[in-house]
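There are 2 protein chains.
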Amino acid sequence: MQLKPIGYVRSPIADRKQMPPLGVPAEVEVLPEYAEGLLHIDKHSHLWILTWLHTATREPLQVNPRGAENAVHGVFALRSPTRPNPIGLTAVGVRWREGTRIGVSLLDFVDGTPVIDIKPYLATRDMIYGATSAQIGRPADREAIRASLLMQAEFFGLDIAAPAVEQAAAIVAHFRAEVLGFHDAPGIRVTAPEGRGDLADAFMAMVRVRPGNGSLRFHALPAVWMECAAGRAEYPV
Amino acid sequence: MQLKPIGYVRSPIADRKQMPPLGVPAEVEVLPEYAEGLLHIDKHSHLWILTWLHTATREPLQVNPRGAENAVHGVFALRSPTRPNPIGLTAVGVRWREGTRIGVSLLDFVDGTPVIDIKPYLATRDMIYGATSAQIGRPADREAIRASLLMQAEFFGLDIAAPAVEQAAAIVAHFRAEVLGFHDAPGIRVTAPEGRGDLADAFMAMVRVRPGNGSLRFHALPAVWMECAAGRAEYPV
Chain D
1 MQLKPIGYVR SPIADRKQMP PLGVPAEVEV LPEYAEGLLH IDKHSHLWIL TWLHTATREP
61 LQVNPRGAEN AVHGVFALRS PTRPNPIGLT AVGVRWREGT RIGVSLLDFV DGTPVIDIKP
121 YLATRDMIYG ATSAQIGRPA DREAIRASLL MQAEFFGLDI AAPAVEQAAA IVAHFRAEVL
181 GFHDAPGIRV TAPEGRGDLA DAFMAMVRVR PGNGSLRFHA LPAVWMECAA GRAEYPV
Chain F
1001 MQLKPIGYVR SPIADRKQMP PLGVPAEVEV LPEYAEGLLH IDKHSHLWIL TWLHTATREP
1061 LQVNPRGAEN AVHGVFALRS PTRPNPIGLT AVGVRWREGT RIGVSLLDFV DGTPVIDIKP
1121 YLATRDMIYG ATSAQIGRPA DREAIRASLL MQAEFFGLDI AAPAVEQAAA IVAHFRAEVL
1181 GFHDAPGIRV TAPEGRGDLA DAFMAMVRVR PGNGSLRFHA LPAVWMECAA GRAEYPV
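Chains as they are written, first to last, in my numbering: chain D, 1 to 237; chain F, 1001 to 1237.
Keep in mind that the hints are not guaranteed to be accurate.
Listed below are the simulated SDA-like cross-link pairs for lysine to any residue, each with C-alpha atoms no more than 20 Å apart in a straight line [unchecked claim]: (1) D:K43 <-> F:W1225; (2) D:K4 <-> F:P1084; (3) D:K4 <-> F:P1005.
Since the hints were made in silico from the structure, they are not lab data. Just so you know, these numbers come straight off a predicted model, no measurement behind them.
Chain D on its own, in the form it takes in the complex (with noise of 0.2 Å):
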């Protein structure tokens, strides 16, 4: 079980304390050797990166998650780059490629991180709309959870500059700031107005709510309404 670099992050970004959560564009650099692997990888919009976290330490099995200073967690419920076989795991979208080199948006590895493995994004088979965790950390502020609402607007196949996901995102940003207090609430339930299909878009992406169980409705109004058990508010669109 001995890994080899297939390859090579080019970042950026060098010192992990310098990274932002969600990561910078960056590029992979494919060593020579392993050029003829990549024969038609432009068939896929989106890969994984897998690399070797080779600043990490394997040790301990318990840490402090990033926003969570005082909840020790196992590593195995975490993404943190501490734990005993430190493989670093992150889809990203395909920007361009130049023979070897592919250049990625936001990737979270530092330069000259090891790449171990290049896989495709396979949506019938990594694609979990529905998948649920408890809240780990708190994020650092509106503005955090504005980046994160517009990567995952992004991963749905929106263009993040349409006025409808900017505003969509605001909306989501406040209401989890100001309403849940940055606490995440389940079973958030979104009204939005009829016909308005690019917001009912966006909030799929970013609360991945749906008709079929309630959780997204249509409403004759100029307004999205926003609900769960912890409160609701109104915004006007």
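Got chain D sorted already, so can you dock chain F onto it with the hints?
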């Protein structure tokens, strides 16, 4: 870059040739010395299981994928076990846990496969609804399509015993087999009856349509229309 097993797969299937493409219900047994790492893993509905594919070969760098016997691909464009670092990556739903034993939904690793990491599935980072892949291999038959559609519905959070899910799976499987001749077709559009959120959910799960770009529409008829450049079909519902 030396891996150590943190557990093993316990599966009723011991022979890779007998493994169904999507896997079978199985267990992950974590070694006692790593039990501490599982603290709070129950916060997550779904997990990534990373394994060392001990029966795989690390060469060549190009192979013929399943269902595409005359179409060589680079291994980084495939999920084939053949790759320089034979790491397996499969997302599973957690069914139960008893101490260090975790019962999981469909897992495609044979009995005895070394587990090298367990990570939580984070919908905010891992869920790429908009990911697209050009077709690689053809499904074996309509039943293989149906099995994949039902797994996608379950990952979407739907009850796969619900009549709407069964019906949507039958419609999509028929359309792909009979109208598209098992070819993938980008740009499928679905029109579903108004007020049938259950069908809308099912088509979002299985075809990844969405209202904002017009790929999911509604009408007042008791019928589902499936359309793309390659053909169209109408199904009473």
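Hint check results:
1. Between D:K43 and F:W1225 the alpha-carbon distance is near 28 Å, which puts this suggested pair outside the 20 Å criterion.
2. Simply put, D:K4 and F:P1084 have alpha-carbon atoms about 8 Å apart, close enough for the 20 Å limit, and the pair holds.
3. Our distance criterion of 20 Å between C-alpha atoms is met by D:K4 and F:P1005, whose separation comes to about 17 Å.
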